[in-house]
Amino acid sequence: MLLVTCPYCGPRPEEEFTNGREAHIARPTDSDNMTDEEWARFTFIHNNEKGWMRERWMHAAGCRRWFNAVRHNVTSEWHTEYEMFGKKPDLPAEEGSMTSPSDSPSAKLEK
Amino acid sequence: MVQAFRLPDGGKIDRSTPINFTFNGEKYQGYAGDTLASALLANGIHFVGRGFKYHRPRGITTSGHEEPNAIVDLNVASGEEAYREANVRAPVIELCEGMTAESVNAFPSLKYDIGSLNQWLARFFPAGFYYKTFMGPMAVFWTKLYEPVIRKAAGLGRSATETDTARYEFQYGHCDVLIAGGGPAGLSAALAAASGDARVILVDDGRELGGSLLSDPAIINGTDSGSWIAEVLGKLEKNPNVRIMKRSSVVSWWDHNFLNVWERCTDHLPAAAAKNQTRQKLHRIRANQVILAQGAFERPLLFNNNDRPGTMLANAARTYVTRYGVRLGKAGIFYTNNDTAYADALAIVEAGQKLVAVIDLREVAEGPNTEAFKATGVPIYANSVIADVDGKQRVRGALISALSSDGASLIDHGQLIECDFIAMAGGWSPNVQLHSQSTAKVKWDDVLGAFVPGKASTVNPSISVGACNGDYHLGTLLEDAFSKGLVAAKSANKPGRARKSPKADGRETGPHRWLWLPPGKKTYNKGGKFFVDYQNDVKIDDLELAQRESFVSVEHTKRYTTLGMATDQGKTSNINALGALSQITGKEVAEIGTTTFRPPYVPTTFMAYVGREVDEFFDVTRTTPMHSWHVDAGAAFEPVGQWDRAWYYPKAGESMQAAVQREAKPDRSQVGVIDASTLGKISVVGPDAGEFLNRIYTNAWKKLPVGKCRYGLMLNEAGMVVDDGVTSRISENEYHMTTTTGGAAGVMGTMEEYLQTEWPELQVYLTSVTEQWAVAALNGPNSRTVLEALTDDDVSAEALPFMAWREINLSGIPARIFRISFTGDLAFEVNVSADYGLQLWNLLMTAGQPYGLTPYGTETMHLLRAEKGFIIVGQETDGSMTPMDLGLGGMVSTKKGDFIGRRSLSRPDIIKDDRKQLVGLDTTNPETVLPEGAQLVFGEDMPDQDKLPAYRPAKEVVRMAGFVSSSYYSPNCNQSIAMALVKGGHNRIGEKVFSPQADGTVIEAVIRDTNFYDKEGVRQHG
Amino acid sequence: MVKLIRNRPLSGESVGYDSPSNDSDVIIRELPFASMVNLRVNPKNSSKLKDALGFNLPTKANTTETSAEIKCLWLGPNEWLIISDQMEASDLCQDISHSLEGLHYSAKEVSDNYASISITGQKTLDVLSKLTPLDVHESSFGTGTCAQTVLAKSNVILERLDANTFTLIVRRSFASYVWKRLIDAGVEFKTGVHGAA
Amino acid sequence: MWRSPEPKASYDALIIGGGGHGLATAYYLAKEHGLTNIALLEKSWIGGGNTGRNTTIVRSNYLWDESALLYEHAMKLWEGLSQDLNYNVMFSQRGVMNLCHSVHDMRDTARRVNANRLNGIDAELLDAEGVKKFCPQIDLRGSGRYPVWGASLQRRGGTARHDAVAWGYARGADQRGVDIIQNCQVTGFLIENGQVQGVETNRGTIRAPKVGVVTAGHSGVMAEMAGLKLPVDPVPLQALVSEPIKPAIDCVVMSNAVHAYISQSDKGELVIGAGTDSYVSYGQRGSEMNAPHTLAAICELFPQFRRMKMLRQWGGIVDTCPDASPIISKTNIDGLFFNCGWGTGGFKATPGSGHVFADLIANDRPNKLASPFTIKRFETGYLIDEHGAAGVAH
Ligand SMILES: Cc1cc2nc3c(=O)[nH]c(=O)nc-3n(C[C@H](O)[C@H](O)[C@H](O)COP(=O)(O)OP(=O)(O)OC[C@H]3O[C@@H](n4cnc5c(N)ncnc54)[C@H](O)[C@@H]3O)c2cc1C
Ligand SMILES: NC(=O)c1ccc[n+]([C@@H]2O[C@H](COP(=O)([O-])OP(=O)(O)OC[C@H]3O[C@@H](n4cnc5c(N)ncnc54)[C@H](O)[C@@H]3O)[C@@H](O)[C@H]2O)c1
Ligand SMILES: Cc1cc2nc3c(=O)[nH]c(=O)nc-3n(C[C@H](O)[C@H](O)[C@H](O)COP(=O)(O)O)c2cc1C
Ligand SMILES: [Zn+2]
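Residue numbers (the working numbering), protein chains in the order written: chain S, 1 to 111; chain H, 1 to 1022; chain F, 1 to 197; chain U, 1 to 394.
Possibly wrong hints are sitting among the right ones.
[As the list claims (entries may be wrong)] Below, computed lysine to aspartate or glutamate pairings styled on EDC-like, alpha-carbon distance capped at 20 Å:
| # | chain 1 | residue 1 | chain 2 | residue 2 |
| --- | --- | --- | --- | --- |
| 1 | H | K238 | F | D126 |
| 2 | H | K912 | S | E110 |
| 3 | U | K229 | S | E38 |
| 4 | U | K229 | S | D36 |
| 5 | H | K983 | H | D913 |
| 6 | H | K912 | U | D385 |
| 7 | H | K912 | H | E717 |
[What the hints assert, rightly or not] Here chain H is said to cover these stretches of chain F; the calculated rule only asks that three of the stretch's residues, wherever they fall, bring their Cβ under 8 Å from a Cβ of chain H:
| # | region |
| --- | --- |
| 8 | 5-11 |
| 9 | 95-106 |
If you are wondering where the hints come from, they were derived from the structure by calculation, not from laboratory data.
From a predicted model like this one, the values you see are computed outputs, not experimental measurements.
Every residue, glycine too, gets a C-beta built ideally from N, C-alpha and C.
Here chain S stands alone, though its shape is the one from the complex:
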């Protein structure tokens, strides 16, 4: 169970939250002028870049506020949380390899 930090309530157990996937995908305001392809992009596509990721959470069992966070999607390391329309923090530098812990046997071995 992750420890998710709500910018309003502080660190709380994952059980209290729902994850809202990638952050900063704004709903288009002029969808009439969008191609089907562009609309599909908004509706269905997240970048999910491997590594540090800005994502949305909602403190469902708590204050019911949506907020954003920067979390590493390989290691789950929590970097920071910020308000929905707060300043977009820079992503931390990537340290070392991004293979997941058990991606390859050598990744488990320090040489």
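Given the coordinates of chain S, assemble chains H, F and U with the ligands onto it according to the supplied hints.
Just chains H, F and U with the ligands now, kept in the frame of chain S:
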């Protein structure tokens, strides 16, 4: 009963308290303080189980959780079936009165086991044998012949067949420092960590704390380690911030320092004493810092027939002799590759257990412990190996041979030394299981010949101390653990105050020789049986075969040979396998790599994870304020989401169908009432509430007058209908929205999401008021009369027209009356504060009696609305229906601007006119009720009868036209009615469709509109 | 007109358990009816309610404010639960509307929406720790603190009144479930259950 | 079983990803389309992705025609696979039951069973009694709230040995000349004028005019390298096994409502799985909350297993699509093909997926079975929403 193999004295057992137990049907006796393993050994029993594949006899091999061989089923007597426990490790079972156990994987008995024939066929069962054999030329050989045989051979123990009624719980915990392992390192770390204000949890899986000190005592702070442990525990127990958990294993380490600790609360108690107590708990603990003090595992040595009962780890041998006062046999052989193990050999001899030889793989038997041992006079054979073992169900002797100078071959034919047990000391492997679970890496240490913890993970930083950190020196590890205990407390911002670490003179250690794969009488690749993973019967030749067959990656080797996949998860075998592989392939171990450690650290009972959340607590059951009335009225309940809704109210002996036919009539002829409290209710408040609803629903809301109600349809962004309901304008700034029962939480969630994340400029606040209101929906021509009997307020058609609402005083209860109808009849939804719900219901029942008021349940409601062709989201929709598909295109506003899902409605596949569309069906025979879920076929696509045999799949693919979503016999229309989704259905009114049934019959129907009753819709306006 | 009968969510649930006694480790009871109002407003207006409530709306997360008549729990950055066992909810709403005249806010009565359960006694923390993943240790959840969190499979508003006393505010339809879970978690202790409120 | 060749400078086609789907694709390309100068590139060890960590349920009783026909195509291939590969993949048609716990479930299941029958797929609708008869070990009461009402039964469904599937295909492909190259991670694509030219790898550039990407959880990452976007989210899916026991249940039982599924492997472990975690992750481990829920469901349905012990639990990264159906598609880069989005349930499709994907790569146009699964469907709206069938991960 005699315990013939008990030493005359010694051990931490209570010889004054004998304990009776049964093993494989025979009665035995042990002492309080014994484990099942030690008690069996005290009775001279080494042979306790059989290997998985070859069913070779196996004995007790270790004294802890790493046990691969001595696996038994517990609680096996008749009457104990519900408590039967499969695959328990005998060395960790605390003996208790009346315990019953039996060997696994042996039939009909341990001694005469049929499966053991497999060992003679061993050459047909190499690694991966499944995949290459048992094939046969035709698939049927596999299914009918081989597969059943293989499947019968599966498994070790047997599961219970009855329901375990014991109580299990889980419990959340929080601490600053969690310490896994209560040996000297863990205790020292705890002393330091707990010396300030830190909340500390110290976990150990034994019955007593002390770890290795319990069988390998030392002098600490000038006193014997027993007193030191007592002193430390005394101190810790007094500290309210410290929690000591015995008989508990840290089993899993999840991200963000969340750990599972599995506590066995009553397993050490006889059944009667354990009764009514919680058997096991899973503690789910968030720790700020984690210190690992798990110790290390000793390794077996690889030699021919190294699995014969009587073969065990040296430190286990020492433990049984010194801690349990067990005599392991008449004469033992001690087999080592290092100096340190001589300390164990010495302890064994000093405790009165005879050793006849020490076989030492090292070229020269030297080192401080070796020297100390020499005084015993036991002959030492240096530069030698055990080349073979004599004996089948018990070691009878060992063939000792001398090694060539390179260690690669034998230089003599050897000499057979009689013995009845062999203690193996193959060096130690730090227990890096939890460290790895934290996602940290391990690194290979050439000196220790083992993996040691590498860099800690940043997410779940682990701090390893003591033997699990590769530190085997009591003196240094006490100090190191102490200082890391302080570091951990400090990192948790609760620094410790203690400054003086416990002190001890550690044991000096001499040289070792990591000769991973010594030669034998038969070498491993020439028929020698060098077992590396005992339980799964993986031999060195299997590892080699895997290499030859391209399973070079260590992960492939594991899966091909099943190495490390048994219940011990390779605790004693992994390093030996890697060492042997390195010798076979000439690669460095670090190059070979290691497989992944996964939770749990030891197999953990299912129910410990589940705790109380089965049976009545498996899920929440939500009930309405009128629930008790429904119960008293004998209602059957339907689960809708987590709610229990009154489904129908059967009279004695009445079926659901009959009840529904009866309940459905009064709603059209007199009056019926249904508890509609479960509908989701959301208060939408603010100057932009109307605009907000415009964006949420497909239709327009801003102009809805105060006091009026409107039906709304909600889509997802893909344009598919996801919810519907009636929303009413309460005031200029406020709307009262209702949602489907099952959709309430989701709708509220979606609305908050859009409000907070997409349209923060809208001034709207949402409040869920679902349970503030109790709702009774009156339906039928008499409904107004009933209402009027309870109020002086005007509820006439003029004062309260269709699709309007108003507040009234209902016999003193403030009520909101919504004139909305889900049955298409004259109807009033009465809303009162939930506390008054039951009273409202009772008032209605009394007032309604003269007018034929009949309570009806959800099933009747479904029928009534189907008569009118009203949809139920989730029944007429499945996430793939647009408003147009449902014939509700008129509800999609083209003028008001954007709303959720709007853009998707213009995509090419959405506007096609051959989409499935909602229609009604008249069955050709009006008495025939189409089954819901029936598939429909157009006439031109109907196959010949022989293409569609009864109860069989079609012989050719049949093109389907659609399916039946709702279907009932309507007592009000006196015919069967059905709704269906049919391809291009809106343009096919009047056409025939056919519904092939499983039994081969075909039901014929004609497509029509969905409104079966009161076409003009006059009734609801009544 | 008939006599109005409030049926609290847990009336009828208390039968069949041990009654509280002097040596109860845990005592569980349903609290009697109190008026409750869910208030949504921009926190920058928190001081505007001083007249209506007797205090400023607490703006620090997870804190509470109390006056003689009214208690207020912080639920979120723009959400509060206002509770009074002396005032009518409609009066509360009216006072609020006076104070917030012309502002965007929402005040909805939710008295019936919730059940309130009190749990007290020296084993209270042990009982709660079996049900909620929230750390309710004094050091992180002191007296006067409140939180919305998870309790078993329900959501709950938790308020600490003193070292061993908590109030649980639960959605009405979950009340019976939470009630049973509390009693069940208390089985290993001497748990006393008060009769209907 | 297979060689370990060094990568050549160029091939006629490349398959990226050495899971079951990639290996099957390579096998059928060689076997049925005569393309043998091809290589399969796997970043670590073949079969180590979801293929090596799935709960091995095989069935074809999907709701929509498009899926049903595709999965049934796979089923037919399963039925001859051990013979075809001359390698025992231990395909065991022990029957798969999808339980119903309410009228609503029964209605949806009836719809699916009826559709299956008309699509030529064996499917039976069982009532509670039928369930008990087929699997006497089930407790039908389900604590009252989730009583078992019935089930759909596909007798031809069952399990197969996951590892053997990967190895069998690898051997078959290798024998036909395919270079299987492990420890070879693709790091980029060579694309010129809208046409793929090859890939960059940690072992150098490898050129080919056709590249098929079959990388499951990493599909989005691969698409990104080619400048494409895919509607797939990678999320952890977990599974667990018990300690091995003597035969205790001889069919596959799945339940959407209580959310779990179970079968017993030929070695004796109970193989158990359930839902995905909520968040995006490329780490092959999930959250702690999963096992308690899954095991609660198992202990409801099979109370006699309450005292069993969990031996090991692990996670995989599944590539979930918005409509729970896969993507088997050309892209707007010539010669570049994607096969992904199988999410929680692609093991059962392995032979069929490889078969139609090979056909797509060889002929540069999707056949009838594959064409509905084009990536274009997210633009046109032709979604194949199998959430009902895939509601519980499997
Ligand atoms: C826990 C769990 C249970 C499941 N249960 C079932 C079930 O019961 N039934 C069922 O039908 N399905 C099930 N599934 C789903 C099923 O496992 C997958 O859909 C299927 O195995 C996918 O196969 P694949 O070959 O596409 O992917 P994988 O086997 O994941 O193969 C993809 C390969 O691509 C490689 N790769 C990735 N990136 C690169 C790169 N850059 N260069 C080179 N190689 C790369 C990876 O290393 C991997 O080996 C389950 C999945 C999980 C995780
Ligand atoms: N002679 C040698 O080469 C050698 C090798 C290893 C250890 N030792 C000796 O052993 C001692 C090591 O002390 P230590 O404290 O590091 O280890 P220890 O073995 O004394 O204690 C470790 C304790 O941790 C427990 N444990 C392990 N995993 C656990 C888990 N997951 N959950 C709960 N408990 C768990 C074990 O049951 C044990 O009680 C020293 O005295 C050292 O000299 C000697
Ligand atoms: C069907 C199936 C059965 C398994 N049975 C076992 C088993 O008996 N013992 C075991 O240790 N692991 C078993 N595993 C799990 C594997 O050891 C391993 O955890 C899994 O393949 C994921 O790989 P990883 O843990 O190396 O990341 C099984 C996996 C699957 C898919
Ligand atoms: Zn919050």
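Hints, one by one, checked against the model:
no.	hint	verdict
1	H:K238 <-> F:D126	19 Å, holds
2	H:K912 <-> S:E110	59 Å, violated
3	U:K229 <-> S:E38	11 Å, holds
4	U:K229 <-> S:D36	14 Å, holds
5	H:K983 <-> H:D913	8 Å, holds
6	H:K912 <-> U:D385	17 Å, holds
7	H:K912 <-> H:E717	18 Å, holds
8	5-11	holds (count 5)
9	95-106	holds (count 3)
Violation of the numbered hints given earlier is confined to hint 2; every other hint is satisfied by the structure.
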